[in-house]
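S.K.: Just need the whole structure built from these sequences, with the hints factored in.
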Amino acid sequence: MAKQFEERKFNIPTLNGISAKNIEEHLKLYAGYVKNANVILAKIDEYSEDSSPLVGAGEEHAYALGEIGRRFAFEFDGMRNHEIYFSHFENGSTALTTDGSLMKAVQEEWGTFERWLKRFKTLATTRGTGWAQLLWDPTSDRLLNNWVDEQHLGQLSACVPILALDMWEHSYVADYQPSGKKQYIEDFFENLNWSNVEENFSSAIQK
Numbered sequence: 007m008a009k010q011f012e013e014r015k016f017n018i019p020t021l022n023g024i025s026a027k028n029i030e031e032h033l034k035l036y037a038g039y040v041k042n043a044n045v046i047l048a049k050i051d052e053y054s055e056d057s058s059p060l061v062g063a064g065e066e067h068a069y070a071l072g073e074i075g076r077r078f079a080f081e082f083d084g085m086r087n088h089e090i091y092f093s094h095f096e097n098g099s100t101a102l103t104t105d106g107s108l109m110k111a112v113q114e115e116w117g118t119f120e121r122w123l124k125r126f127k128t129l130a131t132t133r134g135t136g137w138a139q140l141l142w143d144p145t146s147d148r149l150l151n152n153w154v155d156e157q158h159l160g161q162l163s164a165c166v167p168i169l170a171l172d173m174w175e176h177s178y179v180a181d182y183q184p185s186g187k188k189q190y191i192e193d194f195f196e197n198l199n200w201s202n203v204e205e206n207f208s209s210a211i212q213k
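If you read the sequence shown in this note's numbering, its first letter stands for residue 7, the second for the next number, and so on.
The set of hints was computed from the structure by calculation and includes no laboratory data. Don't take each hint at face value.
To be verified - Pairs of lysine-lysine, DSBU-like flavour, derived with a Cα cap of 35 Å:
{"id": "1", "residue 1": "K27", "residue 2": "K188"}
{"id": "2", "residue 1": "K213", "residue 2": "K124"}
{"id": "3", "residue 1": "K34", "residue 2": "K15"}
{"id": "4", "residue 1": "K124", "residue 2": "K9"}
{"id": "5", "residue 1": "K9", "residue 2": "K213"}
{"id": "6", "residue 1": "K187", "residue 2": "K110"}
{"id": "7", "residue 1": "K27", "residue 2": "K49"}
{"id": "8", "residue 1": "K127", "residue 2": "K188"}
{"id": "9", "residue 1": "K41", "residue 2": "K110"}
{"id": "10", "residue 1": "K187", "residue 2": "K9"}
{"id": "11", "residue 1": "K9", "residue 2": "K41"}
{"id": "12", "residue 1": "K49", "residue 2": "K34"}
{"id": "13", "residue 1": "K27", "residue 2": "K124"}
{"id": "14", "residue 1": "K110", "residue 2": "K9"}
{"id": "15", "residue 1": "K188", "residue 2": "K49"}
{"id": "16", "residue 1": "K34", "residue 2": "K213"}
Claimed, not checked - Beta-carbon label-pair distances, calculated as ranges:
{"id": "17", "residue 1": "W153", "residue 2": "G186", "range": "13 to 21 Å"}
{"id": "18", "residue 1": "Q212", "residue 2": "T20", "range": "13 to 21 Å"}
{"id": "19", "residue 1": "Y69", "residue 2": "R148", "range": "38 to 46 Å"}
{"id": "20", "residue 1": "T103", "residue 2": "D147", "range": "26 to 34 Å"}
{"id": "21", "residue 1": "Q183", "residue 2": "T104", "range": "32 to 40 Å"}
{"id": "22", "residue 1": "Q113", "residue 2": "D155", "range": "26 to 34 Å"}
{"id": "23", "residue 1": "R76", "residue 2": "T118", "range": "39 to 47 Å"}
{"id": "24", "residue 1": "F195", "residue 2": "A37", "range": "35 to 43 Å"}
{"id": "25", "residue 1": "G72", "residue 2": "A101", "range": "26 to 34 Å"}
Glycine included, every Cβ here is placed at the ideal spot set by N, Cα and C.
M.R.: Right, here's the structure in full:
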């Protein structure tokens with residue numbers, strides 16, 4: 007049997023503003039991305055084995071292969087984006103280390119942490135469904151803010167996500183209503199475990 011992507015489990019405590027019911031339902035959506043990523047790869051294997059010996063591998067199902075192959079990025083990135091997002095809440099909120107390497111990188115790029123935070127929060131209010139992300143670009147050795155439409159449109163090649171904020175309505179509308187987007191963003195940062203983000207950064211700069 008081919009290797010399978012596995013659903014991760016997260017140790018998420020009671021959060022401020024974001025209800026346990028919302029997290030429960032949100033985790034079900036994450037599980038769907040894991041399942042669908044596995045289904046797509048299985049279908050690619052299935053459709054690549056043609057029944058007729060008169061055609062090349064996959065030719066009988068070329069259209070289907072093209073379409074599900076195109077869909078894979080949505081499901082895979084949806085899986086990974088959510089894993090980063092939920093890990094931010096694990097084990098409770100912690101402050102960013104003031105003299106740590108991530109803080110220094112933020113200050114090098116934006117001057118102050120407060121300036122970066124203001125810009126990131128503004129980015130997160132982008133109209134539409136998607137993700138606000140803080141990325142590390144290993145080619146230029148710098149941090150970048152980036153908006154990703156849906157799960158996969160606008161991902162910056164070779165950049166490593168350090169922080170990911172889910173701005174699909176399902177992540178906040180049950181608790182905040184559509185008009186409460188800005189409060190959801192504020193509560194996200196209040197609940198954020200910065201030590202997790204710092205670990206992501208440490209791993210990224212070593213690659």
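S.K.: Run every hint past the structure and note whether it holds.
M.R.: Hint by hint, here is what the structure shows:
1. At roughly 20 Å between alpha-carbon atoms, K27 and K188 fall within 35 Å of each other, so this suggested pair holds.
2. Annotation: proposed proximity of K213 to K124 holds, straight-line Cα distance about 29 Å (limit 35 Å).
3. Distance hint between K34 and K15 is fulfilled; the C-alpha atoms sit about 11 Å from each other, no more than 35 Å.
4. Restraint check for K124 and K9: not satisfied, since their Cα atoms lie roughly 42 Å apart, outside the 35 Å limit.
5. A C-alpha spacing of about 24 Å is found between K9 and K213, which places the hinted pair at or below 35 Å, so the restraint holds.
6. Of the supplied pair hints, the one linking K187 and K110 holds, its CA atoms being roughly 29 Å apart against a limit of 35 Å.
7. Proximity of K27 to K49 is assessed by CA-CA distance (about 33 Å); at most 35 Å being required, the pair is judged to hold.
8. Only pairs whose Cα atoms come within 35 Å are accepted, and K127 paired with K188 is accepted, the gap being roughly 8 Å.
9. A threshold of 35 Å between alpha carbons decides the hint, and for K41 with K110 the separation of about 39 Å lies outside it, so the pair is violated.
10. As the CA atoms of K187 and K9 are separated by approximately 38 Å, the hinted pair breaks the 35 Å bound.
11. Annotation: proposed proximity of K9 to K41 holds, straight-line Cα distance about 13 Å (limit 35 Å).
12. For the hint linking K49 to K34, the alpha-carbon distance of about 22 Å falls within 35 Å, and the restraint holds.
13. Between K27 and K124, the direct Cα distance comes to roughly 29 Å. Compliance with the 35 Å bound is thereby established for this hinted pair.
14. For a cut-off of 35 Å, the pair hint linking K110 to K9 is broken: about 39 Å separates their Cα positions.
15. Pair hint K188 plus K49 does not hold up; C-alpha atoms about 40 Å apart against a cutoff of 35 Å.
16. A C-alpha spacing of about 32 Å is found between K34 and K213, which places the hinted pair at or below 35 Å, so the restraint holds.
17. Between W153 and G186, the C-beta spacing of about 20 Å keeps the proposed range 13 to 21 Å intact.
18. For the pair Q212 and T20, the beta carbons lie near 33 Å from each other, so the given range of 13 to 21 Å is not met.
19. A beta carbon spacing of about 41 Å between Y69 and R148 agrees with the range 38 to 46 Å that was offered as a hint.
20. Between T103 and D147 the beta carbon distance is about 20 Å. The supplied range of 26 to 34 Å is therefore violated.
21. Range check, Q183 to T104: about 35 Å between beta-carbon atoms, so the 32 to 40 Å window is met.
22. For the hinted restraint 26 to 34 Å between Q113 and D155, the CB-CB distance of approximately 29 Å keeps it satisfied.
23. Distance hint for R76 and T118: a CB-CB separation of about 41 Å, consistent with the stated range 39 to 47 Å.
24. At about 26 Å, the CB distance of F195 to A37 disagrees with the hint of 35 to 43 Å.
25. Checked against the hint of 26 to 34 Å, the C-beta distance between G72 and A101 comes to roughly 48 Å, which is inconsistent with it.
Violated hints, listed in ascending order, are 4, 9, 10, 14, 15, 18, 20, 24, 25; each of the other numbered hints is respected by the structure.
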